[in-house]
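Build out the structure end to end from the sequences listed, making use of the hints.
There are 2 protein chains.
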Amino acid sequence: MKTTGKAHKKIVDRALVLANQVGLEGLSLGVLASDLKRSKSGLFAHFKSKEELQLDVLREAMDRFVTLVVKPALEQPRGEPRLRALFAGFLDWVGGRYVKGGCIFMALSSEYGDRPGPVRDLLVESQRTWINTIARVVQTAIDEKHLVADLDPMQFAYEIVGIGMAFKHAHKLMNDPKAETRARTAFENLLARNQSKPQPRSHKSA
Amino acid sequence: MKTTGKAHKKIVDRALVLANQVGLEGLSLGVLASDLKRSKSGLFAHFKSKEELQLDVLREAMDRFVTLVVKPALEQPRGEPRLRALFAGFLDWVGGRYVKGGCIFMALSSEYGDRPGPVRDLLVESQRTWINTIARVVQTAIDEKHLVADLDPMQFAYEIVGIGMAFKHAHKLMNDPKAETRARTAFENLLARNQSKPQPRSHKSA
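Those protein sequences? They're chains A and B, same order as listed.
Note that my numbering gives residue 63 to position 63 of the first sequence, counting from 1, and the numbers run on in steps of one.
Note that my numbering gives residue 189 to position 189 of the second sequence, counting from 1, and the numbers run on in steps of one.
If you're looking for bench data, these hints aren't it; they were derived computationally from the structure.
Careful: at least some of the hints might be erroneous.
As the list makes no split between identical chains, a pair holds if one copy fits it or if it spans any two.
To be verified - In silico lysine-lysine, DSBU-like type, Cα no more than 30 Å apart, as pairs: (1) LYS9 / LYS145; (2) LYS145 / LYS178; (3) LYS50 / LYS9; (4) LYS178 / LYS48; (5) LYS50 / LYS40; (6) LYS145 / LYS50; (7) LYS50 / LYS100; (8) LYS71 / LYS9; (9) LYS10 / LYS50; (10) LYS9 / LYS37; (11) LYS71 / LYS178; (12) LYS197 / LYS145; (13) LYS10 / LYS100; (14) LYS48 / LYS145; (15) LYS178 / LYS197; (16) LYS145 / LYS100; (17) LYS37 / LYS197; (18) LYS9 / LYS197; (19) LYS100 / LYS197; (20) LYS10 / LYS178; (21) LYS100 / LYS71; (22) LYS40 / LYS178; (23) LYS71 / LYS37.
Bear in mind the structure is a predicted one, so any value in this text is a computation, not a measurement.
Encoded structure:
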């Protein structure tokens, strides 16, 4: 919606990086104007309100996530290869490869847990879409008989989300050099437990 | 440190609840004074700075977590019973049974990921202590031969943290009625995979 125009896009891009540092509530038009060396009134020409800016930032993040993580994974063969690609892209996203500061959705989950309104609604929608995307890819792996038939794709998706959140915690807050290895090990464990043919357990980290 | 005195304690208690809503950075002495119907100068008699208030709030949360989650679990028999009690207490904590608003540590993880300073340092220390506590309890389960000998306790702790974070996400942001069932199922899966005697898989949600 209305995220057209180069100047508009440049503002939203910068706002996305800032939001990862200060949250979307901390992202006032004043802060953004000062950061971009523009006048606050100039920004008001692009966004009628702080909320409109927040929604545009979130939409931009959702677009990037689909373009950088979801679409490339969906180009992989159905089943386990697609699931592996989806997880690898998710880790890259959370690790900050695409947006400096890492996963804005996780940052906002805490900020908007208790804050009703359109921003929270859009955030919930983004997360519902993501969880359903994981579950659908898991379903292709069941259909291809890569994963066992009695697996609950939504439970699998829940566990993937957890591995990603623990990765952010270990990587960004704890500066744990093993963060990525632990995330990959957790994923392999989850996969191995649900693969159609019994696999050797693999729970040790490198 | 200095968290003595009834008035001081009352302020910190209220600040802990507010911090869960607005973050520790949003917790200015002005906001708190207005909430408590006290003068800002009155609060300055208790805390020399906002940072001192933030550190006291975090220390209070750490004390409560130890008292309400860690200590009761450590009174359980070594091994799997203790590990189960620790996880159950963790879920209660994250679900908001003890502090309205849920897990302040998770809320602060996003807020302080990029914000160096004494508050972040104390938060990291609290999380390191927690992860090490889980790992030590896992080690008792290995020693008691409830869990397999080649299990990496730190990997197990990482996965527990992830289950708890996904629980907060599902429970608080997504209002998922299955949030708790999914968390317990994920924990049972993790346990079953690492139990000394092979257990039937249990990955289906209720």
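We went through each hint and held it up to the structure:
1. LYS9 / LYS145: neither (44 Å within a copy, 58 Å between copies)
2. LYS145 / LYS178: Close across copies (26 Å), not inside one copy (32 Å); limit 30 Å.
3. LYS50 / LYS9: within (16 Å within a copy, 36 Å between copies)
4. LYS178 / LYS48: neither (45 Å within a copy, 39 Å between copies)
5. LYS50 / LYS40: Both: 11 Å inside a copy, 29 Å across copies.
6. LYS145 / LYS50: Intra 48 Å, inter 57 Å, cutoff 30 Å: neither.
7. LYS50 / LYS100: both (22 Å within a copy, 28 Å between copies)
8. LYS71 / LYS9: Answer is within; shortest intra-copy Cα gap is 22 Å, inter-copy 52 Å.
9. LYS10 / LYS50: within (16 Å within a copy, 35 Å between copies)
10. LYS9 / LYS37: within (16 Å within a copy, 44 Å between copies)
11. LYS71 / LYS178: both (28 Å within a copy, 29 Å between copies)
12. LYS197 / LYS145: both (9 Å within a copy, 27 Å between copies)
13. LYS10 / LYS100: Within one copy, since 15 Å is at most 30 Å while 39 Å is not.
14. LYS48 / LYS145: neither (51 Å within a copy, 63 Å between copies)
15. LYS178 / LYS197: both (29 Å within a copy, 29 Å between copies)
16. LYS145 / LYS100: neither (38 Å within a copy, 44 Å between copies)
17. LYS37 / LYS197: neither (59 Å within a copy, 64 Å between copies)
18. LYS9 / LYS197: neither (49 Å within a copy, 57 Å between copies)
19. LYS100 / LYS197: neither (40 Å within a copy, 45 Å between copies)
20. LYS10 / LYS178: neither (35 Å within a copy, 40 Å between copies)
21. LYS100 / LYS71: Cα proximity of LYS100 and LYS71: one copy only (20 Å, versus 39 Å across).
22. LYS40 / LYS178: Cα proximity of LYS40 and LYS178: none, with 44 Å in one copy and 45 Å across.
23. LYS71 / LYS37: For LYS71 and LYS37, the Cα distance exceeds 30 Å both inside one copy (35 Å) and across copies (53 Å).
The structure fails hints 1, 4, 6, 14, 16, 17, 18, 19, 20, 22, 23 (numbered hints given earlier, in ascending order).
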